[in-house]
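Enquirer: Each chain is listed here by its residues.
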Amino acid sequence: MKILAIESATESASCALTQDGKVVAEFTLQNKQTHSQTLLPMIDAMCTMTGTRPEDLDVVAVSRGPGSFTGLRIGAATGKGIALPFDKKMASVPTLYGMACAIREAADRLIVPVIDARRQHVYAAGYSAGKDGTLVEELGECVISASTLAGKLQTLDKPVLLTGDGAKAVLPALLEAGLDVRVCPPSLCYARAAGVALAAEGMAARGELISSDAMAPEYLRLSQAERKRREAQNPAGHPAENPKESPTGKEA
Amino acid sequence: MKDIRILAIESSCDETAAAVVANGREALSNIINSQIDVHTLYGGVVPEIASRAHIQNINPVIRAALDGAHMTLDDIDAVAVTYGPGLVGSLLVGVAEAKALAWATGRPLIGVHHIEGHIAANYLAYKDLKPPFAALVVSGGHTHLVMVQDYDRFEIIGRTRDDAAGEAFDKVARAVGLGYPGGPKIDKEAKNGNPHAIEFPIAHIDGAPYDFSFSGIKSAVLNYLNEAKMKGETVNRADLVASFQQAIVTTLVSHSMQLVRERNLDKLVIAGGVSANSALRAAMKEACTAEGVAFYCPPLILCTDNAAMIGSAAYYEYCKGNFAGWDLNAVPNLKLGQRA
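Protein chains in written order, with our numbering: chain A, 1 to 252; chain B, 1 to 340.
Calculated directly from the structure, the hints in this document are not laboratory data.
Treat the hints with care, since some could be wrong.
[As the list claims (entries may be wrong)] Computed beta-carbon distance windows for the label pairs:
| id | chain 1 | residue 1 | chain 2 | residue 2 | range |
| --- | --- | --- | --- | --- | --- |
| 1 | B | Ile36 | A | Thr48 | 34 to 44 Å |
| 2 | A | Met49 | B | Asp77 | 44 to 54 Å |
| 3 | A | Gln33 | B | Arg161 | 29 to 39 Å |
| 4 | A | Ala205 | B | His70 | 33 to 43 Å |
| 5 | B | Cys319 | A | Glu138 | 51 to 61 Å |
| 6 | B | Ser215 | A | Asn234 | 54 to 64 Å |
| 7 | A | Lys32 | B | Arg339 | 22 to 32 Å |
| 8 | A | Ser147 | B | Asn226 | 44 to 54 Å |
| 9 | A | Gly51 | B | Ser215 | 54 to 64 Å |
| 10 | A | Lys168 | B | Leu300 | 21 to 31 Å |
| 11 | B | Arg339 | A | Glu176 | 39 to 49 Å |
[As the list claims (entries may be wrong)] Result set (DSS-like, lysine-lysine): computed pairs, CA atoms no more than 30 Å apart in a straight line:
| id | chain 1 | residue 1 | chain 2 | residue 2 |
| --- | --- | --- | --- | --- |
| 12 | A | Lys228 | B | Lys171 |
| 13 | B | Lys171 | B | Lys229 |
| 14 | A | Lys168 | A | Lys32 |
| 15 | B | Lys191 | B | Lys285 |
| 16 | A | Lys228 | B | Lys130 |
| 17 | B | Lys267 | B | Lys191 |
| 18 | A | Lys32 | B | Lys335 |
| 19 | B | Lys127 | B | Lys320 |
| 20 | A | Lys158 | A | Lys131 |
[Said to hold, decoys possible] Listing some non-contacts, in silico: residues in chain B with all C-beta distances to chain A over 10 Å:
| id | residue |
| --- | --- |
| 21 | Arg5 |
| 22 | Ser29 |
| 23 | Leu73 |
| 24 | Trp103 |
| 25 | Tyr126 |
| 26 | Leu129 |
| 27 | Asp152 |
| 28 | Lys185 |
| 29 | Lys191 |
| 30 | Ser219 |
| 31 | Leu222 |
| 32 | Lys285 |
| 33 | Glu286 |
| 34 | Asn322 |
| 35 | Gly337 |
In this text, all values refer to a predicted model and were calculated from it rather than measured experimentally.
For every residue, glycine included, the Cβ atom is placed at its ideal position computed from N, Cα and C.
Generate coordinates for the entire structure from the input sequences, incorporating the hints supplied.
Expert: Shown next, in the form of structure tokens:
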């Protein structure tokens, strides 16, 4: 199975090609250029060097979020545009899950990918290695403050491995809570497309692929205008946010 | 000669649109998915909501454009997209999608300026229309008086110093309780009013006779409402909006006709969302007839944001071999006539 994967949820822009679980190529940039200018030239270079034509692909996988709203849409639109002409199936890969898949073989700890969500929150999830090499979700993806995350991880009571651009921000709170925490080295600490492709392999095997029409980002957050509107309609203070955002998300 | 068919995508504001255009002159399909109902809840376009809707809608809209033209991507010679000006988040969806489609199908990519697209809407409506001509482009985001020298050469003669004409319509509509979108609602309400009931000021800008300013008219309307409220008088809303509309239309027409006379032109074109305004169309037509100038205005479906006009403008770039690279980016403040 040939998979083209795209990761543009965070500052890193990344694309990868895998063949039956082997990472044939991966191209990642971590600079300040916009994903809009880098992503397709990277895909073009990678496919040219590997002699890959879009029609040869089996799956186009995209990191679906959470992450930068604009970054997610650039990735999704790029994937949708590549998939559409040949009616390729798409894998809509949860970004945090893809980040965990990138390091799953190396981890004997609870993998906690963390992305900076601004407003003093992060996007986070928790996965542990299952028996057959798959990942078991122990903490569902959420928008969460560092202290609330620390509390949730305490109840799971497992040594933690942090990855992602939000790792440094939550580390002090986790250490303060007395958790056994390590942070991935910089070479493994960013979102990359190889993880998205490896996640997509599993999703394809489980029949979780979708059409390019259905592919859309999962933001985990409402737009500011929608949030304010709901707050105005619902002033009693019930969490009017996306259900996946913790009630403490309103502190920010 | 073989037909050149361009698949065009437009997502610069709150319409997700795709079209197939043959030889720049014939819209084989023109699909527009409007988000207006969603944005009406907020009294105007919310950029993040617009961007989210674009990514949901874009593939079905493209598919509908191909189906409507009874074509597949194999029949398409190039992919074109609006890359500015507009809302950056909205533009990026169309740009990323168009680039990927062009790349995957091995077709050339053409980046189109949104306003150049609006002007080109007239090429679809009038098969014989050729530059040079004067063009007045008026919409919610733009007010430009343009000398169209050639298909790809534009000279900006005048522009708004503050609000776009459509923006003034929206703000006044909100102030008088007509709601969003202001243009069509004021147009309708004004039909019941006396356009000469109230004299609103028409701004003239020293040293820039072709530039526009609409914030003064808008403020005058708001002041009028305030004063009436303080005096406890009821406002005749139809008279008020008819007079406001009259002031805007008079400015647009007088500037346009001044240009036509000064350059001794025989053609005047209007374009953009506000060119759907019935009072503007009627007044401009009357003025052109009086001057012996041919007047062109696109049908309403081509006045609103659409992709067919982008496909038309793109054809002339195609003929010149003016193609974009895979690094094409959205340029929210793209200048008219600028090339990527």
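Enquirer: Compare the structure with each hint and give your call.
Expert: Hint by hint, here is what the structure shows:
1. Against the hinted window of 34 to 44 Å, the Cβ-Cβ separation of B/Ile36 and A/Thr48 comes to about 42 Å, which satisfies the hint.
2. Taken as a hint, the range 44 to 54 Å is violated for the pair A/Met49 and B/Asp77, whose Cβ atoms sit roughly 28 Å apart.
3. The hinted range of 29 to 39 Å is satisfied by A/Gln33 and B/Arg161, whose Cβ atoms lie roughly 34 Å apart.
4. The given range of 33 to 43 Å is respected by A/Ala205 and B/His70, whose C-beta atoms sit roughly 38 Å from each other.
5. Remark: the range hint 51 to 61 Å for B/Cys319 to A/Glu138 is upheld by a beta-carbon distance near 60 Å.
6. Between B/Ser215 and A/Asn234 the C-beta distance comes to about 36 Å, which lies outside the given range of 54 to 64 Å.
7. Under the hint 22 to 32 Å, the C-beta atoms of A/Lys32 and B/Arg339, about 25 Å apart, fit the expected range.
8. Judged by the Cβ atoms, the range 44 to 54 Å given for A/Ser147 and B/Asn226 holds: they are separated by roughly 49 Å.
9. For the pair A/Gly51 and B/Ser215, the supplied restraint of 54 to 64 Å holds, since their beta-carbon distance comes to about 58 Å.
10. Checked against the hint of 21 to 31 Å, the pair A/Lys168 and B/Leu300 fails, with Cβ atoms roughly 55 Å apart.
11. A hinted range of 39 to 49 Å for the beta carbons of B/Arg339 and A/Glu176 is inconsistent with their spacing of about 56 Å.
12. About 21 Å separates the Cα atoms of A/Lys228 and B/Lys171, which keeps this hinted pair within 30 Å; it holds.
13. Taking the CA atoms of B/Lys171 and B/Lys229, the gap is about 18 Å. The hint holds against a cut of 30 Å.
14. Taken as a hint, the A/Lys168 and A/Lys32 pair is honoured in the structure, with Cα atoms around 20 Å apart against an allowance of 30 Å.
15. Restraint check for B/Lys191 and B/Lys285: the C-alpha separation of about 18 Å stays at or below 30 Å, so the hint holds.
16. The straight-line distance between the Cα atoms of A/Lys228 and B/Lys130 is roughly 49 Å, outside the 30 Å bound, and the hint therefore fails.
17. Using a Cα cut-off of 30 Å, the hinted pair B/Lys267 and B/Lys191 holds, with the two alpha carbons roughly 28 Å apart.
18. Of the pairs offered as hints, the one joining A/Lys32 and B/Lys335 holds, with about 24 Å between alpha carbons and a cut-off of 30 Å not exceeded.
19. Pair hint B/Lys127 plus B/Lys320 holds up; C-alpha atoms about 20 Å apart against a cutoff of 30 Å.
20. A hinted pair counts as satisfied when its Cα atoms are at most 30 Å apart, and A/Lys158 with A/Lys131 qualifies at roughly 17 Å.
21. In this structure B/Arg5 is separated from chain A by more than 10 Å, as the shortest Cβ-Cβ distance comes to about 15 Å.
22. Its beta-carbon lying about 16 Å from the closest one in chain A, B/Ser29 satisfies the requirement of being farther than 10 Å from that chain.
23. With a minimum CB-CB distance of about 5 Å to chain A, B/Leu73 fails to clear the 10 Å threshold, and the non-interface call is violated.
24. Look at B/Trp103: its CB is around 6 Å from the nearest CB on chain A, not clear of 10 Å, so calling it non-interface is violated.
25. Consistency note on B/Tyr126: stated as away from chain A, and its beta-carbon is indeed over 10 Å from all of that chain's, at 33 Å minimum.
26. The non-interface label for B/Leu129 is consistent with chain A: the shortest C-beta to C-beta separation is roughly 33 Å, beyond 10 Å.
27. At the 10 Å boundary, the C-beta of B/Asp152 stays outside the reach of chain A, the nearest C-beta of that chain being 24 Å off.
28. At roughly 21 Å from the closest C-beta of chain A, the C-beta of B/Lys185 stays outside 10 Å, upholding its exclusion from the interface.
29. The claim that B/Lys191 lies off the interface holds: its Cβ sits roughly 33 Å from the closest Cβ of chain A, which is beyond the 10 Å cut-off.
30. The beta carbon of B/Ser219 is kept farther than 10 Å from every beta carbon of chain A, the shortest such distance being approximately 26 Å.
31. Interface exclusion of B/Leu222 from chain A stands, the closest Cβ pair being 24 Å apart, more than 10 Å.
32. Residue-level check passed: B/Lys285 sits 39 Å from the nearest beta carbon of chain A, beyond 10 Å.
33. The claim that B/Glu286 is not at the interface with chain A holds, since no C-beta of that chain comes within 10 Å of its own (minimum 42 Å).
34. Chain A leaves B/Asn322 outside its interface by the beta-carbon criterion, the shortest separation being 19 Å against a cut-off of 10 Å.
35. The claim that B/Gly337 lies off the interface holds: its Cβ sits roughly 22 Å from the closest Cβ of chain A, which is beyond the 10 Å cut-off.
In the structure shown, a violation is registered for the earlier hints numbered 2, 6, 10, 11, 16, 23 and 24, in ascending order.
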